[in-house]
Each structure stands twice: as structure tokens, then as C-alpha cells.
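Protein chains: 2
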Amino acid sequence: MTTDLNTVPFVSVENMMRLTHETGIEEALAEIAGYIEDDFRRWPLFDKTPRVASHSEVGVIELMPTSDGTEYGFKYVNGHPKNTKEGLQTVTAFGLLADVDTGYPVLLTEMTVLTALRTAATSAVATKYLARRDAKVMAMIGNGSQSEFQALALHKICGIEEVRLFDTDPNATRKCAENLKGTGLRVVSCATGQEAIEGADIITTCTADKQNATILTDNMVGAGVHINAIGGDCPGKTELHRDILMRSDIFVEYPEQTRIEGEIQQLAQDHPVTELWQVITGEITGRRDDRQITLFDGVGFAIEDFSALRWVRDKLRTSNRFDMLDMIADPDDPRDLFGMLLREKQRMAAA
Amino acid sequence: MTTDLNTVPFVSVENMMRLTHETGIEEALAEIAGYIEDDFRRWPLFDKTPRVASHSEVGVIELMPTSDGTEYGFKYVNGHPKNTKEGLQTVTAFGLLADVDTGYPVLLTEMTVLTALRTAATSAVATKYLARRDAKVMAMIGNGSQSEFQALALHKICGIEEVRLFDTDPNATRKCAENLKGTGLRVVSCATGQEAIEGADIITTCTADKQNATILTDNMVGAGVHINAIGGDCPGKTELHRDILMRSDIFVEYPEQTRIEGEIQQLAQDHPVTELWQVITGEITGRRDDRQITLFDGVGFAIEDFSALRWVRDKLRTSNRFDMLDMIADPDDPRDLFGMLLREKQRMAAA
Chain A
1 MTTDLNTVPF VSVENMMRLT HETGIEEALA EIAGYIEDDF RRWPLFDKTP
51 RVASHSEVGV IELMPTSDGT EYGFKYVNGH PKNTKEGLQT VTAFGLLADV
101 DTGYPVLLTE MTVLTALRTA ATSAVATKYL ARRDAKVMAM IGNGSQSEFQ
151 ALALHKICGI EEVRLFDTDP NATRKCAENL KGTGLRVVSC ATGQEAIEGA
201 DIITTCTADK QNATILTDNM VGAGVHINAI GGDCPGKTEL HRDILMRSDI
251 FVEYPEQTRI EGEIQQLAQD HPVTELWQVI TGEITGRRDD RQITLFDGVG
301 FAIEDFSALR WVRDKLRTSN RFDMLDMIAD PDDPRDLFGM LLREKQRMAA
351 A
Chain B
352 MTTDLNTVPF VSVENMMRLT HETGIEEALA EIAGYIEDDF RRWPLFDKTP
402 RVASHSEVGV IELMPTSDGT EYGFKYVNGH PKNTKEGLQT VTAFGLLADV
452 DTGYPVLLTE MTVLTALRTA ATSAVATKYL ARRDAKVMAM IGNGSQSEFQ
502 ALALHKICGI EEVRLFDTDP NATRKCAENL KGTGLRVVSC ATGQEAIEGA
552 DIITTCTADK QNATILTDNM VGAGVHINAI GGDCPGKTEL HRDILMRSDI
602 FVEYPEQTRI EGEIQQLAQD HPVTELWQVI TGEITGRRDD RQITLFDGVG
652 FAIEDFSALR WVRDKLRTSN RFDMLDMIAD PDDPRDLFGM LLREKQRMAA
702 A
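Residue numbers (the numbering used here), protein chains in the order written: chain A, 1 to 351; chain B, 352 to 702.
Since the hints were derived computationally from the structure, they do not count as laboratory data. By construction, the Cβ of each residue, glycine as well, lies at the ideal position given by its N, Cα and C atoms. You may find that some hints are simply not true.
What follows is a set of in silico ranges between Cβ atoms, one per label pair, in the way DEER data are often shown [claimed, not checked]: (1) Gly438/B - Asp38/A: 30 to 40 Å; (2) Thr192/A - Met675/B: 38 to 48 Å; (3) Lys696/B - Asp99/A: 30 to 40 Å; (4) Asp621/B - Asp99/A: 34 to 44 Å; (5) Asp683/B - Val58/A: 16 to 26 Å; (6) His271/A - Gly438/B: 50 to 60 Å; (7) Asp683/B - Pro235/A: 28 to 38 Å; (8) Thr565/B - Gln346/A: 34 to 44 Å; (9) Asp398/B - Glu161/A: 42 to 52 Å; (10) Thr168/A - Asp621/B: 47 to 57 Å; (11) Glu195/A - Met675/B: 42 to 52 Å; (12) Thr565/B - Gly236/A: 50 to 60 Å; (13) Gly438/B - Gln346/A: 21 to 31 Å; (14) Asp314/A - Thr565/B: 38 to 48 Å.
Let the sequences and hints guide you as you build the complete structure.
Below you can see the structure in the form of C-alpha cells.
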């Protein structure tokens, strides 16, 4: 991959899908999880800020920037639960990586597919550090866009062998089960949430309603379980009953953001939580015993997108799955932007 | 212009230049100024937030979002004064307009050229409302990338007939004078700042050093002058001596941002300033008499970019100066992102 001064590599949705398949979906998930782990290990280095959200009655548009001092990344992402009914994606996203030293973009990419990959990879990283070592069975509550990615990531990275599916919409469960055929996972479709979590070592909730729902109630959750609560990711949107939170040790990405957006918005502002990165560096013990309930209250943080952007950028070193976009004005003399504009007029006249 | 669900119109640098010439540079400046005036008139409607800046030792990368409740826009922009020495632009930018109702992007565009146009258009709007009606002569201090745009915007919109140029680098002045040939402006190149502002009704400063400089000292500025201070736009970067500020009536875009980034960072946090939009709506009188010194402390605000993005979007209704980017994942079933990914694998195998 070569980058001219005035052009920026762009990865379209089609190219992102092809890049993923060239790598293999599970291998891509594992590679991205590796980038996320690497970045979580150097967490204190990053410029961190809660995402910049613009809320409307029907959804939210967010910008999620971060920087490690050498590279700068941000993601544009929307969340519109009602979109599904209109045949649109709930979440679409794109992102950018730039060089801190010059401010010039070095990568523009779709991030709808990429966010699906990185969200699942993040759950897998959390699960790897927090679930019981002998965990083999996972319940997947909510069988929408993110469900297959979650199942495959935990299969590949955490050794999950069985996934138990439940969704209030049986069609979603059918779709998910069909998509997971041939992946090596044992897939069990369940008629109730209760049935899905019976015997599960890991429970992942990923539902999309923008409201305080109660996907899991307290009596459903047994000792020793690890929970990934992925779907509660904005103010007023939670999935778990408060009593489960009170019984769990809670792990988060960035407390300042999670207290606003995550399950813990139901708790007091000073309720103790542990930052996941400190478990990964070994500063804090994650799981202490086999009876403990661990809860990863995942809302998605800018550093995970940064990791995913770095993964794409590195893949493009050996892949041609990109186009070059004429996105940066590059006059011969940088102070002569106007002259560049005038010369374009001459070219138009000559053509 | 038609927009598929999965594609987004993209305006490259080349297409932005061609769109500008199709319209005519001065006409484009006037049209954009019109959009800015319209948006300033409905200022209270907008979601406003100071830009989200990531500073490094050599520059800054910023995201500037805003929304009027129907459309959402943001700009990515860097500011790296040292870039010029490396043959790079000090400022490069791109931006996006999205539909608030769905969160889907409707326009992606280069904004380096567009920012140059909107910055000049904004100065012209401020000058139109604040300068003396009989103003004909303008001093342009700093003859870099922005200078010709400023001169042309004030020529077209405010009736300026003569521009007096000064830059510490005579080559920049030579470049600017050359570029302004044939525009109808009388161009006078000056050897000192003092010479440039002699007899000027309007003084525009636009220099790029990231430091507290003193481009204008107090004794240089006479009664009745209007000043556009454009170059001081980040913490630690100012152009005017504090004493000039003390003698001026100061007009700003968004006080919360300008107090951090503008000339008024030199003043007390409660120093009185007037918001430009209130002058435009007529709520507050701008210029009261011919002796008053008015100062527009312009730092550039997200709403001006929003106006410029709206202008581009509207131009594309009758122009084909765009490409369609495959930027949004659009599965047939919005919950079946994974299925879309699987089908791409089948297509790759079939090809």
C-alpha cells in the first residue's frame, strides 16, 4: 500500500467483507482481539473522552475519537432501533485513522461490518479474562445482527462449544441458527430465555430495544456464570435486572462512559466497578473463584475502534482491498490553495 | 442526485474545485455566505458544543459536530502550522452530512477547499454587518492559503475595491497579488504591516504561527475600523495586542469556544462580547457609529461548516460532481449482517 499526499485509502463495505474472508472470519476476530488486548495493555497512554453524542427522539449519532499520541482514530456511528422496521440498519458506522504528526488521514473505512467484528472480539477478550476456564456453553439472548459474531468470537477465542439461542422473535433465532451451521458450534434454539441459560457458563445479552428492559431477572442467573451485557449502551437502555448487578462483580471499559450508558446507570454513581484493562495487565484479579458472577458491562469504547482501525491499516499492507480517495487538497505550494483552484479552472477550460 | 441505501455521495477535491468553478468562485462565496446567514438566523435551534480537540505538541486534530434536529453535520479538521515547511497543508479537512431521522450519511466531502470558502464567507457576513457602510479598502495581513478567499469574499459581498497586502514573507504577498489579478480588485503590495493598514477601513489578520504573536499593535489601529481576526484560533495562538481588544467592541461566533481559542483568551472570562448571530437577527446593534472599532474574533464554528455542507448537498441536486461510495452495509434483512457477509463469501468463490 502506498499513500500519495492527496489520496487516502478507502475500504468499502464490499472490500471489508472480502478482507474478512481472505483472513477467515474467526481468524479476523482473533486478530482483532489481539489488537484490542494490545491496546488495553497500554490503556493509560490513550487520550480518552466519553463519546460525543447527538441524541434525537428516535436515535443517536455519535463521534468516538481517541489517540495514542502517534495515531488518531475516530468512528462515526448511529444507533436507531426503529430503523430495523424500515428495512435499515440499527447501527451503521465508518471511521478514520490519521497521523498525529501531520494531521493527515491515512485510512477511511466502512465500520458497520468492522464494528460487528470488534464488538464480538471485545466480548471475547473480556470473557477470556473473566469466565471460568472450563466454560463450554454460552447462551445468546438476542439473535440480531451481532449474535453470530459473538458466538463465533467466543468459539474461536474462548473455546465455547455450544451456543443456546433465544430471541423474542423466533425468526431471528432461525436466522442465527442457520448462519452458524458448519461453524463447528453446537447450536440449540430455545423457546424461552430461561431455557437458553440453563446450563450456560456464559450469558451474552445483545438486544436492541431503546428502553429499560429486563432480559434477565435475578433468579435466572446461577453462581459462577460470566455475563456479557452488550445491548445496554445508551442512557435509558438496559437489559439486566438491578438485582443481578448487585450480585455481580462488574467490569467496564471506561467508567466515565459506562456510568452514563451501561447497565450500571441503574446503580449509584460510586458503585464499585473494575476497569477491564487492569485485569488484562494483571494489576487486578478478575475472577477469584468458581462461584463468583462476573459481569462485563460492555458499551463499546473508542479504543476498541482504534484497535480495529489499526488492524485494517495493517491488513492493507498485504491486501489490495481498498480504493484511493482524492480527499486531501495538495497544492504544490501549501500556501497556494487558491492557485491550485485557479489551475483547475484552466484544466476545465482546456478539456 | 439519487442515493441508494448503501451508497453515499462523495465530493473529491477535484470535484469540489469543479463545482466551485461551475458556480464561479465569487458566486460560490456569496451563496455560502447566504447559507451561513440563514443558519445564524436560526442559531438557537442548533445543538452546539465546543469542538472536540486532540492536541499534540505539533498540532491539533478536531471534530466539529452540530445538528439542527433534521440534519447532522460534522467536520474533521487538523491544524499543523509546521506542515507548511514539510510541503503539507496546515489545515486539511473533510466532512459529513447525515439524516437525523435514520442516522444514515447523505454526503461525504473534502472540506479543505470548502473550509477556505466558508471561512472567507463567514468573514464577509461579519463584515457586512459590522464594517462602516462606506468601507472600500481592506488590509490583508498574512497572505497564505486563506488570503485570496478573504479578499474575494469581501470584494463580492461587501463591495471592497482595494486590498492592501502584507506578509512577513514577501513571496506569500507576491503569490497572493498574482492570484488576485483579473478579479477587479485593486491590489497594493506593502512592505510593512503599518503601510498595509494605512487608510484601510477593514483589517483582516490571518497568520498561522501557533504562538501568541502581535500582528497588530494598538497604535496601528485607528477609529472606525472593522477588524476580522481570523488566524488566532487555538489556545496560545493570538494575533492582536490586548490593548486593541480593550478598545474594540468584540463579536464572536460561540463564546464558550472563542474564550478558549480566540483573541479574547487574552481577556477576563467575563469580558463582554456580542454573539454575531444576534446582530444578524437584529436583536443587538452591531456598529453604532463611525468612530467605533468593531472586532470579529473568528475561530470557525461547526454551524458554518454545516451551512457549507448544506450548500454542497443542494448543489449536487443539479451537478454530477460526485462519486458514489459503498460506505453503508445494507443487508436485505437488517438483522442479518452476518448473512450478508456469508453471501459475499459465496460470490468470491463463484468469481
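So the hint says 38 to 48 Å: do the beta-carbon atoms of Thr192/A and Met675/B match that?
holds, 45 Å
Is 16 to 26 Å a correct range for the gap between the Cβ atoms of Asp683/B and Val58/A?
holds, 23 Å
Status of the given 34 to 44 Å range, CB of Asp99/A versus CB of Asp621/B
For Asp621/B and Asp99/A the Cβ distance comes to about 39 Å; the hint holds.
When you take the CB atoms of Gly438/B and Gln346/A, is the distance between them in 21 to 31 Å?
holds, 22 Å
Whether the CB-CB distance between Thr168/A and Asp621/B falls inside 47 to 57 Å:
holds, 55 Å
Using the Cβ atoms, figure out if Thr565/B sits within 34 to 44 Å of Gln346/A.
holds, 39 Å
Hint says 30 to 40 Å; check whether the CB-CB distance for Gly438/B and Asp38/A agrees.
Since Gly438/B and Asp38/A have Cβ atoms about 33 Å apart, the given range 30 to 40 Å holds.
Taking 50 to 60 Å as the hint, is the beta-carbon distance of His271/A and Gly438/B inside that range?
holds, 53 Å
Holds or violated: the 50 to 60 Å window for the beta-carbon distance between Thr565/B and Gly236/A?
Because 51 Å falls inside the window, the suggested range holds.
Starting from the hint 42 to 52 Å, judge whether the C-beta atoms of Glu195/A and Met675/B obey it.
holds, 46 Å
Can you tell me whether the CB distance of Asp398/B to Glu161/A sits inside 42 to 52 Å?
Holds: the Cβ-Cβ distance is about 48 Å, inside 42 to 52 Å.
Quick check: does the Cβ-Cβ distance between Lys696/B and Asp99/A fall within 30 to 40 Å?
holds, 33 Å
Checked against the numbered hints given earlier, this structure breaks none of them.
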